[in-house]
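Hints in hand, dock the two standalone chains.
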Amino acid sequence: MDSIRERVLDKYSARVYKNRKDHVITLDSDKPNAVAANTRAIPGIITQRGCCYAGCKGVVLGPIKDALIITHGPIGCGFYTWGTRRNKAFADEVDGERAESYIEYCLSTDMQEPDIVFGGEKKLKAAITDAVELFHPAAVFICSTCPVGLIGDDIHAIAKWAEKEYNIKCIGFSCEGYKGVSQSAGHHIANNQLIRYVIGVGDKEPVKKFSVNILGEYNIGGDGWEIEKLLKRCGIEIVSVIPGGGSYRDIKNAHLAALNLVQCHRSINYVADMMLDKYGIDWIKVNFIGIESCKQSLRSVGEYFGDEGLKARIEEVIADEVMNIEEDLAFLKGKLKGKTAALYVGGSRSHHYQMLLKDFGMKTVLAGYEFAHRDDYEGREVIPDIKPDADSKNIESIEVQPDPKYFRVLLTEEQREALKEKGILLNDYPGMLKDMEDGAIICDDLNHYETEEFLKILKPDVFFSGIKDKFVVQKSGILSRQMHSYDYSGPYAGFRGAITFGNDLFMGLSVPAWSYIKAPWKRVPNIAGSIGGEK
Amino acid sequence: MLNYTEKEVANRKALVINPAKTCQPVGAMYAALGVHGCLPHSHGSQGCCAFHRMFLTRHFKDPAMAASSSFTEGASVFGGGSNLKTAVKNIFDLYDPEIIAVHTTCLSETIGDDLNALITDMTIPEGKYVVHCNTPSYKGSHVDGFTNMVSGFIRYLAKKGPETNEKVCLLPGFVNPGDMREYRRIMNLMKVPFIMLPDTSGVMDTPMTGKFEMYPKGGTLINDIKDVGNCMATIALGLKVSEPSAAVLEKQCDIPYQALPLPIGIEATDKFVMALQDISKDEVPYALEEERGQLVDIMVDIHPYTFGKKVAIYGDPDTVLGIASFALELGMIPKYVLTGTPGAAFEERARELFEKFGMEGCMAKEAGDLYLLHQWIKNEKVDLLIGGTHGKFIARAEDIPFVRMGFPIIDRYVHSYMPLVGYKGAMRMAELVSNALLDYRDRTCEEKDMEMVL
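For the protein sequence lines, the chains are C and A, in the order given. 58 is the number that the numbering used here gives to position 58 of the first sequence; each next residue is one higher, with no gaps. 1246 is the number that the numbering used here gives to position 246 of the second sequence; each next residue is one higher, with no gaps.
Same shape as in the complex, but just chain A (with noise of 0.2 Å):
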């Protein structure tokens, strides 16, 4: 298993190895599963709408329907625009979205197609809507891509009325829809009213019924996006994600934010909290303190199994970070900290979590790869490792628990329609990480060793 990974780490001047990303289309599209009655529109070769399609589909078990503008020869050299247009013309024409959400390829922005103009000279029926944002495959990762689609759907339908609607807009970040229904179970219990976007509750997760709806129950509706320009106040969970997309916001309809972590872990769902009840005025109700309570309670009937354990975590930002703030606040040590993602902050976030919880000789790497994070492993150990379904082989290979958390899981069935974020979210977690470190314990201890009781 990854025999010619080498231990000793050499300075690699340009390749990737097991890359801990991928490109930013999938997650401009996973976005625009979020809106309701909307068509994702991939602008670039057929391969990449099929390839994104394949991912989305394998972590989420469920269909991830969207369109491709399926670029041929002739249109790489001669521009992609009349594509587009008999696109969007078959794709109202057949398939009768609200709405498409156009995201670019590489190929469409290496050629320089202009999406403001092709879309402006379009002509689009009655009440539908088209809208777009550039995803240039060869900057940033899936998470810009997803932060880029959200914002694209504020460009082109956010309005500021004369009044406000005295909701909170949410940006949930890239999050798995048992997440989005885990905040929506918090706003409620909050009593803040709220508008979500996008929301892939209902949409990624839906249930089976017999009929194949093209466009389910769920997402964000237009309207309310439309709507969120007269929002008192944004909070963007997940300050890579969404705080650019809050500021897109502010920007265009005057709307101040308020930029915090993804909501994972004690630390980061409290400031959620606090931020709500900031909005609310009122007590946090009975039912979100007494979960607190338990997630504590629980913490401590775990800490002889988790407490000092090393963990390496790897995947998206601002995941990445949550679970190693959550690991901290288990008093484990988050020993890597890892993500392909390029971004300086990261590596400042991680650093001020080591430092504020007094961490030493922990590692964070922005823009790294797994083929790393496996040679630090070799180099010294790790007690669990954490993240998406890729580092599957890592963990085989030097024989250490494996959680998965994060984005793509594709080799296991569930996770998606569970919630990593809130208390609930954490207990999970704390479920999930004990039950690993227990198994792999009585998986491995020595006959005479083999306790009943734990």
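Isolated chain C, as found in the complex (with noise of 0.2 Å):
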């Protein structure tokens, strides 16, 4: 199988390879397959990365509904962020608390030319109160473009100032996209700051005994909605969501929740990793992507609190689940089984959705992630042998206190030891390797050559990726299916969305235009008729 990786990478010149052959492996159990990530993309080599204001602004801060965000910067980055995720959301009212939804609005400063020469605070303060006179919000989120932090504007100071001025929450994120290496970059500064401004704020108590964040989940095609009813027909407390469809109304209380949910490890784990050390709550790493997944992740909240009854509850709803989708199960398992997938997704959906493929018996040939670490591919142990370099090194890392008020031991030692004899990891991440077989390709950062080569060799049925790359394999007759968006539908979390997935899948597989890409006059031979000459 190497040779087939050799055969790719073959083409680059001496420099390229010398980088890229780091991040492309074959899996080999018997190696130790690490597998470099999270290090520069190589100018002029077509990536599919985008930047820190992407990660930042447009996936973590993004679904927040009622935070109203201001970019800061010419008029493009807000526009291209601008409902173009599918992150649902809608206005609702809580025990009288009303959160807002601001997800159809997009609002910016659009910084002309004297605003990068003289500056552009002032049209950043006169942005803010247009928006507060206009919308009224509870918070206001301002989010920094490259030349903003080229220019020095200080968007903290006015952040401070707005909070004074109005009463209000005001927040600034400098994610100017030249820092770090792809969007990773951008979900960090937004964890940093939900932490050092979100979490924590509230005091509203959650009711019931069982209470969770989801951390992670972005709501994708209603993903959110759909775990949220899973875990509360099982009696458990949904205290936020962070953030798909969540608010600042529920975030701000996240810290009062009994455990954390993890679904993305990697744009959250910082959040996560924080509310362990400054509040003491345990984060458990779920996939509610597949079904045999979903069920091992509802299994591990009720292990977690160790109560029967409502371990027997969750039993009784992954019955009833499973029962729903049986037959549909049994027909796609009858069509999709043995096919053969790519995925190169961000930073957990490539591994989530191979436990979804197994569960139809289909098998990944290659997958990739575009702005994962090491240890969303080689789990957390790699995390210390992870040397920092000059891009990580411009990454605020904060180091956060046991908050005297709030912080709570919420486990003894002993039931820690009793968690992990049952399996039960509490606040790591395997990563994806483990749970995929030998032979497979795994290559971070997958670029464009790298796509259209390995797909020419590996022809596997469908490839699932993204827009950029979707029509370019599509072109070459395999199916792509998008799995930032869903291509529009969803959800496909849950067990009834594992069976909406597999229909789609099912769908563009069977659609009838892929059997007319030859004209018939191609598919003759020879041209049939008479010789020249002849009668």
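Treat the hints with caution; some may be incorrect.
The calculated DMTMM-like cross-link candidates involving lysine to aspartate or glutamate, where the alpha carbons are at most 25 Å apart (straight line), are [as the list claims (entries may be wrong)]: (1) A:K1089 / C:E6; (2) C:K209 / C:D403; (3) C:K18 / A:E1352; (4) A:K1061 / C:E453; (5) A:K1007 / C:D403; (6) A:K1061 / C:D461.
Computed Cβ-Cβ distance ranges for the label pairs, DEER-style [claimed, not checked]: (7) C:A126 / A:E1348: 24 to 34 Å; (8) C:G423 / A:G1210: 42 to 52 Å; (9) A:E1213 / C:A36: 23 to 33 Å.
These stretches of chain A come out as covered by chain C in the derived footprint (C-beta under 8 Å, 3 or more residues) [as the list claims (entries may be wrong)]: (10) 1011 to 1018; (11) 1101 to 1107; (12) 1201 to 1212.
For the record, the hints were derived by calculation from the structure and aren't laboratory data. Predicted, not measured: the structure shown is a model, and the values here were computed from it. Note that beta-carbon positions come from the ideal geometry of N, C-alpha and C, so glycine has one too.
What follows is the structure, encoded as structure tokens:
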């Protein structure tokens, strides 16, 4: 199998080869399987990666429905992140406290040349004033774009000014696009500010005995709502979802929950870790994508709380959910079993969706992450071995102390030991590779050239990726489904979601159009007819 | 839906809400894709390139290939020269384009990278080209970015030789591949030899063949770009988007130009055809005359449903003015016309149109946004909304029939294959507009009023 990897990398110049060779491996359980990750993309090598702003504003903050986000910069960045991620939300009221939803709006200071030359602080202040007068928001978030950092506008001072002036929560996010090496830096910056200024601000205690936050769930196509429904059926209270469909109103109380459930490890693990240190709240890595994964995730929550009644309810819910999909699952297994897939998504979905594909008996031949770190591939045990480089050092990493008022000890050492024996991992993520089979190709920051070449050789039945490479792949006759936007379908989370996913995949593979690619006259090997000169 | 939009129009000091424009580089990337064998290159953070590729792909539902200088914090402090050098080498090594078309971003513009100097100092393989244009995101809009890239190609490549090539240089404006194909058909019918720069047909509307082509068959050939220096005249379609590039070519190669509005609707298409006839000195072929007659016939046929209807139109300046003028020709009232792109000429041209058709009480706005447009509509409702995808929330909030035209349309398919320009394009617009109005009527009228025949 290694020859496939070599065949693809072989075309690179020596310098590019030297960089890329550590990002691409053929999985072999007899070897250490280290995957270089979270390092700079090479200029000119067509990467699918985005920037820090995209990770901060676009991914982590964008879904917080009642935070009015003002993009401070030229118009483009705000425009491109306006309604393009499918993070669903609606305004609601809980116990008399309202959370608005500004999801349909895009606000920008639309910086012009004079603002670049003379500074944009005045304009930002005026924009906040406009925003407060028109929307009366509870919270305003300011997100910086590239030029803001270069010209030195102090958005944090302006945020402080706005808090005083208008008696609102106002937070600055210095997420200039050039920071870090991918969206990942933006996740981290957003995480830091949420810990600093949002989580811990509220004092609304959960009502139920079993309460959780859902972390790193973006409610794409309604996934988060599906997960909430499942947990609620089991009798678990959701204090907050960070951030999909979530709100400043709820996130400020997150520190009062008993447990954190981490769906996307990459984008939110900083919050999970810091909440452990600051409030004593443990986290469990869950995955509500895939039938077996859903079962396992729900059971982990049951084991964590250790309550027999809860565990019984969870089993009832699982049995009921499974019963409802059995027939569809059997049908889809019949259609999809044995098919192969390649996955290239952000920082968790390449792992999550493999588990769902396994439910259908499908095999993953290639998987990669766009902006993951080594721990997302290899597991958190490698974190001590990751050497910080110039780029990662530039992203602030904050240390938190136990909160004098809210820090709690939720489990005894004995309880922790007991959970460990049951195989419940606390505050840990084993990574994607352990769930994969030998011989699969792992490719970090899979670029355009590698996508084309690997797919030519591996010929998977489907490639799960994003919009930029979707049509590249489909032009070559291979189905591509977008795993960032679900091709405007979903929800894919939960038991019913797994079936929706399977149906979408089956639909894509069986659409008659694929059979028309070759025109009938091209299928005929020779032109039939009379030979020249003969009658 | 858009529940926080206030009816009362208050004077905002700084905030743009729901923009009707985006930034320059995406326009430059689109223009560069219209050159055969060209790889657009974004000199800035890789996020810019990702966003622009994402947006173009979503509009065209076709791959938009482009590379980035992938700036890091270091490059942002010390300059992006070495990033560009590395990028160009890697691109020629791996992707082997004929030409790399570099555009800048707000990042590289703010730090002041001198692209002229960087490209001059670069080793470029024999027979290959690297060109650039400046597209600071904090000035103008995506429309200016398109213009700047077209001018960039001309600056680098157009050369005047001793003899004219007897061709017309056609600057198409920021339009879809479907429009470019329609231009080509009209030029051929009019027997006017031409070079169109850029030409995204055959690049952003490629067929499914089972094989991905990084450089599809379409696009203006480099040799043709060089040869525009020998054209006998330029026809610049779109006064905002194309005239500045025509002026660059005039200055550089002494080629006279005629700037016309985008040929959207009957009068603007007439002007275009007359300009071509002026060059061909030949009869307008019956095929075109027949189309025109068909269009007029349709306009008479549908007038009971279009006449006097109020319409709000938003999008890019030339496109909006073109749609507005066709609306006027249909007897509609272009109550509100708005563009996010700055430039005072838009409002002047809109007012000229209003006056010409004796319209009173119509409003035009440059550098506006969709929040303002929605406020206007809340104050006086319209019967129809025309523009790109982003207006659909207003259409739903106010229950207004909606027709998608312009850029970007990221929630519908097939539109980019179909023209708005020419008589054929106007027929399509007439169909879209009348269908939207009649569908709305069928959907909302009382059951007793439902008509079988309309």
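So is the region 1201 to 1212 of chain A in contact with chain C by the C-beta rule, three or more residues under 8 Å, or is the coverage claim wrong? holds (count 6)
Has the given pair, A:K1089 with C:E6, been kept, meaning a C-alpha gap of at most 25 Å? 22 Å, holds
Should the hint that C:G423 and A:G1210 are 42 to 52 Å apart at their CB atoms be regarded as holding? With a Cβ separation near 47 Å, C:G423 and A:G1210 satisfy 42 to 52 Å, so the hint holds.
Restraint status (C-alpha distance of A:K1007 to C:D403 at most 25 Å): 46 Å, violated
Holds or violated: C:K209 with C:D403, Cα cutoff 25 Å? Within the cut-off at roughly 22 Å; holds.
Falls inside 24 to 34 Å, the C-beta gap from C:A126 to A:E1348? Check passed, 28 Å falls within 24 to 34 Å.
Does A:E1352 sit within 25 Å of C:K18, going by the straight-line distance between their CA atoms? Violated: C:K18 and A:E1352 sit about 62 Å apart, past 25 Å.
Is the straight-line distance between the alpha-carbon of A:K1061 and that of C:D461 25 Å or less? 21 Å, holds
Straight-line Cα separation of A:K1061 and C:E453 no greater than 25 Å? With a Cα-Cα distance of about 22 Å, the restraint between A:K1061 and C:E453 holds, given a limit of 25 Å.
Cut-off 8 Å, C-beta pairs, minimum 3 residues; does the coverage of the region 1101 to 1107 of chain A by chain C stand? Answer holds; 3 residues pass the 8 Å Cβ test.
With respect to the beta-carbon atoms only, verify the hint that A:E1213 and C:A36 lie 23 to 33 Å apart. The hinted range 23 to 33 Å holds for A:E1213 and C:A36, with Cβ atoms some 31 Å apart.
Just to make sure I understand the rule, a stretch counts as covered if three or more of its residues have a C-beta closer than 8 Å to a C-beta of the chain. Does the region 1011 to 1018 of chain A meet that for chain C? It holds, with 7 qualifying residues against the three required.
Comparing the model with each numbered hint stated earlier shows that hints 3, 5 do not hold.
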